[in-house]
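J.: Below, each chain spelled out in residue letters.
2 protein chains.
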Amino acid sequence: MNLSQVGETGLIQRFRRILGEGPGVIRGIGDDAAVLPYTQKEYLLFATDAVREGVHFILKKGPFYTSPATPYQIGWKALGINLSDIAAMGGIPRYAVVSLGATQNHPVSFYEGIMKGMKAMAKKFNVSVVGGDTDRTEKLSITVAILGTVEKKRCVFRSGAKPGDLIFVTGKLGGSRKGRHLTFTPRVKEARILTKYFRLSAMIDISDGLAGDLAQICRESRVGAVIGGKAVPLSKGATLESALNDGEDFELLFTLPPREAGRLIMKRIRFEFPTTPIGRIVPKKEGIHIYIGNKKSPLTGGFRHF
Amino acid sequence: MNLSQVGETGLIQRFRRILGEGPGVIRGIGDDAAVLPYTQKEYLLFATDAVREGVHFILKKGPFYTSPATPYQIGWKALGINLSDIAAMGGIPRYAVVSLGATQNHPVSFYEGIMKGMKAMAKKFNVSVVGGDTDRTEKLSITVAILGTVEKKRCVFRSGAKPGDLIFVTGKLGGSRKGRHLTFTPRVKEARILTKYFRLSAMIDISDGLAGDLAQICRESRVGAVIGGKAVPLSKGATLESALNDGEDFELLFTLPPREAGRLIMKRIRFEFPTTPIGRIVPKKEGIHIYIGNKKSPLTGGFRHF
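These protein sequence lines map, in sequence, to chains A and B.
Under the numbering used here, the first residue of the first sequence carries the number 140, and numbering increases by one thereafter.
Under the numbering used here, the first residue of the second sequence carries the number 140, and numbering increases by one thereafter.
The set of hints was computed from the structure by calculation and includes no laboratory data.
Hints are supplied without guarantee of correctness; some may be wrong.
Copies of one chain are not kept apart here, so a pair can be met inside one copy or by any two copies together.
[Stated by the list, open to error] In the DSS-like style, the derived pairs of lysine-lysine whose C-alpha atoms are separated by at most 25 Å in a straight line are:
1) 423 with 369
2) 255 with 199
3) 311 with 255
4) 292 with 255
5) 328 with 258
6) 291 with 200
7) 199 with 278
Source: prediction; values computed, not measured.
Next comes chain A alone, as it looks inside the complex (with noise of 0.2 Å):
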């Protein structure tokens, strides 16, 4: 068996069955973040997430991303990535830990460039980078730890999204491999905006296409799903088959209960970001479906790691 046959979920899975779940620990693989034990009132939050050349970004004109990456963009993207799976879960950015693999192809004020980048983003966000670790290779990857916190109140799953919940997305997608995949703000803030007024039933950030995260909060919370082709909001030029299918969006996708769905439309007009309602939540049974135009077609896609 090799990896394209099962895909990245379905190895994920597999790690899961012989990793177990440890004591103590409130939610373990199969999030964006594992949630830890912390305050009376608070978890901790832990995760990772690399940037790899010729992956996650290109150095050299390619066929996959429009243009090539600064180093000051790469460590920007390597650090959001990261606080972005932090906002998915409703939680604060705290420390960031970093391991970059390094190549003898560059000279010492590119990796200066890497790092001015992720001090920008940790800026920002008010996160501090506490360590890290170096390494000859020989394709460039950054690899990021990064640690939170969240009120328990606060915290939002992959898995209570509920048949008749509304499913929303923040800011607009599609299109982000022509270069807003370097440059984007990852959502804290809009996420500690979500958690503070409504009761969300379930989050994750976009990184692998609309279809594919979508299908990760359906797998969690046991639910199927309907969403309309023509209420997905596009970025300027972006096709819908991008927003499905590309990724690197890094806006959120969020499940509300009719009630709160109501009370984020009345009360969203005063956000200084936009939130739009997509589709709903159906039983497991129906699965996961698209409309466009008036034909419903199952909804499969996202991007496959191998």
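Go by the hints and put chain B onto chain A.
T.: Just chain B, lined up with the frame of chain A:
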């Protein structure tokens, strides 16, 4: 300026200047783990370390190591080096997250083997692997981040060594590349015993060779050191050269004030692991030296990452 001109330590010093020290951080970049606020009596420890194909293990016969690693050994080592970092602070490892850079060259069972090795190490030390991330790469790499805790009184930094302190190591050094680097046991229990009975002034785990890691303690503590080549306890068949330069012994190098050192020398016969005095700390201006017979030479070396 390229990486080999500044070396790993020079690079980290540059990163440290760019990234700064965050608010509330007890100890950031520059120790085995970052030390963060936690409870009234305890600190949180946070570190990351990676193993990379061709650097920390090989999959086919090669010049650096004697034998190829099994998947199980790779997983064992990937978590073990992180536990070793927590041990070097005197702490208890608690939770880990894993970032896997996977290649298409191996079947799913290969990656399951890695996770089985990691699980065995986790189980041995009651650590929970709580999350991770999987991506496609060209060369296999596993980056682990670890969270631990330590009583404030028992937390040992690299920076506390004072002239007059005695220098000790646990276990035996050298020859790790012949295979022990894949099967070692991190010295978590040993560190806990040492910090229970003695006031250690500084500690580090030996990952880059005795010469390199002693230099780290000396830089962080702003001191010099002198060690006796004959005093260094060697593994069976190992050379002093390999103990000084190869690294990956994952034993502990620590310092004690003279009175505490005397107590350790009396008490250690009751411990189930050897500790050996190998030298003493001297003022910074005297530098770092080694006696080989009656000849005193500057001690340089340690594993060079670039």
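J.: If a hint holds in the structure, say so; if it does not, say that too.
T.: Evaluated hints:
Proximity of residue 423 and residue 369 under a CA criterion of 25 Å is satisfied intra-copy only: 23 Å inside one chain copy versus 70 Å between copies. In this assembly of identical chains, residue 255 and residue 199 lie within 25 Å of each other by CA distance solely inside one copy; the values are 21 Å within and 38 Å between copies. Taking the shortest Cα distances, residue 311 and residue 255 never come within 25 Å of each other, neither inside one copy (28 Å) nor across copies (41 Å). In the homo-oligomer, the alpha carbons of residue 292 and residue 255 never lie at most 25 Å apart, since the shortest distance is 35 Å inside one protomer and 35 Å across protomers.
Taking the shortest alpha-carbon separations for residue 328 and residue 258, only the intra-copy value of 18 Å comes in at or below 25 Å, while the best inter-copy value is 36 Å. In this assembly of identical chains, the alpha carbons of residue 291 and residue 200 never lie at most 25 Å apart, being 45 Å within a copy and 51 Å across copies at closest. Within a single copy, residue 199 and residue 278 get their C-alpha atoms as close as 13 Å, and across copies as close as 20 Å, so both meet the 25 Å cut-off.
Of the numbered hints listed earlier, those contradicted by the structure are 3, 4, 6.
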